[in-house]
Amino acid sequence: MRVADGVYGEQLRALVAADLTNLWPEPDLDPSRAPSARFPTGPE
Amino acid sequence: MSHPQDLSLREQVAAVASGALDADELLQATFERIEERDGPLNSVVVRFPDEARAMLADAPPGPLHGVPVLVKDMFQLPWYAPRDGAPGEAAPPGESAVYRRLRDAGAVIVGIAQCHYWGAGSTGHVSAWGPCGNPWNPAHCAGGSSGGSAAAVGARLVAAAVGTDGGGSVRLPSAYCGVTGMKVTFGGIEVDGYTHGYSDMGAIGPICRDAADARVFGEVLTGRSLTRGDGRKLRVGVVRDPWWTNVDPEIERACDAALDAAGWERVELSVKGAEHQQAAALVCLTIQSLPMLRPAELEQAEPVLRALTKFELLMTPVIVHQAARVRSLLRRELVAAFAECDVLAWPTVPAPAPPIENPTVELPSGRAPADPGNLRQTGLGNLTGVPGISVPVGLHSSGLPMALQLQAPWNEEARLFDAAEHIEDATGREFVDAEPVTASARSSA
Numbered sequence: 001m002r003v004a005d006g007v008y009g010e011q012l013r014a015l016v017a018a019d020l021t022n023l024w025p026e027p028d029l030d031p032s033r034a035p036s037a038r039f040p041t042g043p044e
Numbered sequence: 001m002s003h004p005q006d007l008s009l010r011e012q013v014a015a016v017a018s019g020a021l022d023a024d025e026l027l028q029a030t031f032e033r034i035e036e037r038d039g040p041l042n043s044v045v046v047r048f049p050d051e052a053r054a055m056l057a058d059a060p061p062g063p064l065h066g067v068p069v070l071v072k073d074m075f076q077l078p079w080y081a082p083r084d085g086a087p088g089e090a091a092p093p094g095e096s097a098v099y100r101r102l103r104d105a106g107a108v109i110v111g112i113a114q115c116h117y118w119g120a121g122s123t124g125h126v127s128a129w130g131p132c133g134n135p136w137n138p139a140h141c142a143g144g145s146s147g148g149s150a151a152a153v154g155a156r157l158v159a160a161a162v163g164t165d166g167g168g169s170v171r172l173p174s175a176y177c178g179v180t181g182m183k184v185t186f187g188g189i190e191v192d193g194y195t196h197g198y199s200d201m202g203a204i205g206p207i208c209r210d211a212a213d214a215r216v217f218g219e220v221l222t223g224r225s226l227t228r229g230d231g232r233k234l235r236v237g238v239v240r241d242p243w244w245t246n247v248d249p250e251i252e253r254a255c256d257a258a259l260d261a262a263g264w265e266r267v268e269l270s271v272k273g274a275e276h277q278q279a280a281a282l283v284c285l286t287i288q289s290l291p292m293l294r295p296a297e298l299e300q301a302e303p304v305l306r307a308l309t310k311f312e313l314l315m316t317p318v319i320v321h322q323a324a325r326v327r328s329l330l331r332r333e334l335v336a337a338f339a340e341c342d343v344l345a346w347p348t349v350p351a352p353a354p355p356i357e358n359p360t361v362e363l364p365s366g367r368a369p370a371d372p373g374n375l376r377q378t379g380l381g382n383l384t385g386v387p388g389i390s391v392p393v394g395l396h397s398s399g400l401p402m403a404l405q406l407q408a409p410w411n412e413e414a415r416l417f418d419a420a421e422h423i424e425d426a427t428g429r430e431f432v433d434a435e436p437v438t439a440s441a442r443s444s445a
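Listed in order, the protein sequences are those of chains A and B. Sequential numbering of the first sequence, starting at 1, is according to this note's numbering. Sequential numbering of the second sequence, starting at 1, is according to this note's numbering.
FYI, nobody ran anything at the bench for these hints, they're computed from the structure. Among the hints, a few may not be true.
So the derived label-pair ranges between C-beta atoms look like this [what the hints assert, rightly or not]:
# : chain 1 : residue 1 : chain 2 : residue 2 : range
1 : B       : S365      : A       : T21       : 41 to 49 Å
2 : B       : G428      : A       : T21       : 48 to 56 Å
3 : A       : R13       : B       : D230      : 32 to 40 Å
4 : B       : A54       : A       : R13       : 28 to 36 Å
5 : A       : W24       : B       : R100      : 35 to 43 Å
6 : B       : R240      : A       : E10       : 39 to 47 Å
Under 10 Å between C-beta atoms, here's a sample of chain B residues computed to sit facing chain A [what the hints assert, rightly or not]:
#  : residue
7  : G187
8  : W244
9  : T245
10 : V283
11 : I287
12 : L290
13 : K310
14 : L314
15 : T316
16 : A323
17 : A324
18 : W410
19 : A414
Think of the CB as a built atom: it goes at the ideal place given N, C-alpha and C, for glycine as much as any other residue.
So that you can see chain A by itself, here it is in the shape it has in the complex:
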């Protein structure tokens, strides 16, 4: 497990710690097409 943590741990902890509160995930994410412009991308 220490080996695994050494490989990916730093990036995963950085992802958890990132402040992404102003970024909203796509509610209708469909990777077969570009994202829809219909939904809000974050707080106004």
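We have chain A already, so just place chain B on it with the hints.
Structure of chain B alone, referenced to chain A:
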């Protein structure tokens, strides 16, 4: 006449259609070539002499009439249950969409190509079938998880093979083996009968020796016309950080030289969220692999893969939501990037294929396992859904291939083939026409 498997896919199709090449003789020669060359590679793990002859006997006229092909160990066939490179069957025999496309095009499936255990790695050195060797040096990895498909095409066992790409698994082995591989737009090839078809990261793709062959094969797999256009006047987006950083200097120079040769207008870009792309891709791949996780197979897995899987199972729900936010951000960022350029370009892999005995790579930052750096280079395409192609652009001083990755907006596969063909022309086709010395030496020995 040279060996028929030294002909391109296009040449094989034309020769069979004109009667210059008998399809039965082509099939026989293909099995002989596999027997002759595949021992050190282990790329064709199951052979179908009887089923292939039956397919040929029933083959309709079509764009691949009478041409032998391979499929990765992730597709249902009427006579074969796919295993995902693991000991047990991942699905029963059946008619996958890929099988139907190939059958209806008149192609002949001659065998199953090796696959990394569960498809969960970019080296191909871990598999229930055993490791897959690189045609340029069998002591080195063919890559993964579609390593068998790329190695078989590189060694000229067949001219076309089907791969799948959940985190780079078509593009990465194609780069390692010096062949051309495309991950199509998510959903661009029907996924029924594909063992990871439930995932919204995975896409299917053609692996061939050059872009023109991959276009022909891609048209069959997608069922779409991918008409040739002009790849000479494109704007290429270059995102230095992170995708051109911590890359083997020879690979960086080869990719730069290929872009110089292409003569495209370069646009320097940045992509917000790129620093979290690798972690987000890992999280999405891990979460989506859970439905396929069979505890008995986990215990049989190679120790490092087992440890990584158990480590990934400890991820918290928070990180899943963080990854979803990064994914959406990256998709919006790509829309903005493609307003400024026609294709994005960076090295497909940061280092050449590592040794099977020690699958680590030497990077400017030091020696590291191959997987993280590889996922960093290819995960964006899976997170966002856009298509990507790996194009051979050189030979490293180690004797192993180097490759450039090109990516385009959703459903612009034809543009990628145009761009790749232009790169081939601009580099004098030196790297797509190169034959691995080890493969030809084994034949003449």
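Original post:
Holds or violated: B/V283 as interface residue toward chain A, Cβ cutoff 10 Å?
Top reply: Since chain A brings a Cβ to about 7 Å from B/V283, closer than 10 Å, the hint holds.
**OP:** Starting from the range 41 to 49 Å, see whether the pair B/S365 and A/T21 falls in it by beta-carbon distance.
**Re:** With Cβ atoms ~31 Å apart, the hint is violated.
Original post:
Taking the closest Cβ pair, is B/A324 under 10 Å from chain A?
Top reply: holds, 4 Å
Subject >> B/G428 paired with A/T21, Cβ distance criterion 48 to 56 Å >> reply: 52 Å Cβ-Cβ, so the 48 to 56 Å window holds.
Subject >> B/R240 versus A/E10 beta-carbon gap, inside 39 to 47 Å or not >> reply: Violated - the Cβ-Cβ distance for B/R240 and A/E10, about 21 Å, lies outside 39 to 47 Å.
**OP:** For the hint on B/T245, just tell me whether its beta-carbon gets within less than 10 Å of chain A.
**Re:** It is violated, given that the least Cβ distance between B/T245 and chain A is near 14 Å, above 10 Å.
Original post:
Given B/I287 as an interface hint, is the shortest Cβ-Cβ distance to chain A below 10 Å?
Top reply: Violated, about 13 Å.
Original post:
Between B/A54 and A/R13, does the C-beta distance stay in 28 to 36 Å?
Top reply: Cβ of B/A54 to Cβ of A/R13: about 54 Å, so the range 28 to 36 Å is violated.
Original post:
Can the hint on B/L290 be confirmed by a CB-to-CB distance to chain A that is less than 10 Å?
Top reply: violated, 17 Å
**OP:** Double-check B/W244 for me: the hint is only fine if its C-beta lies closer than 10 Å to a C-beta in chain A.
**Re:** violated, 18 Å
Subject >> Hinted contact B/K310 with chain A - closest CB pair below 10 Å >> reply: holds, 7 Å
Original post:
Does the nearest C-beta of chain A fall within a distance shorter than 10 Å of the C-beta of B/A323?
Top reply: holds, 7 Å
In summary, the numbered hints that this structure violates are 1, 3, 4, 6, 8, 9, 11, 12 and 19.
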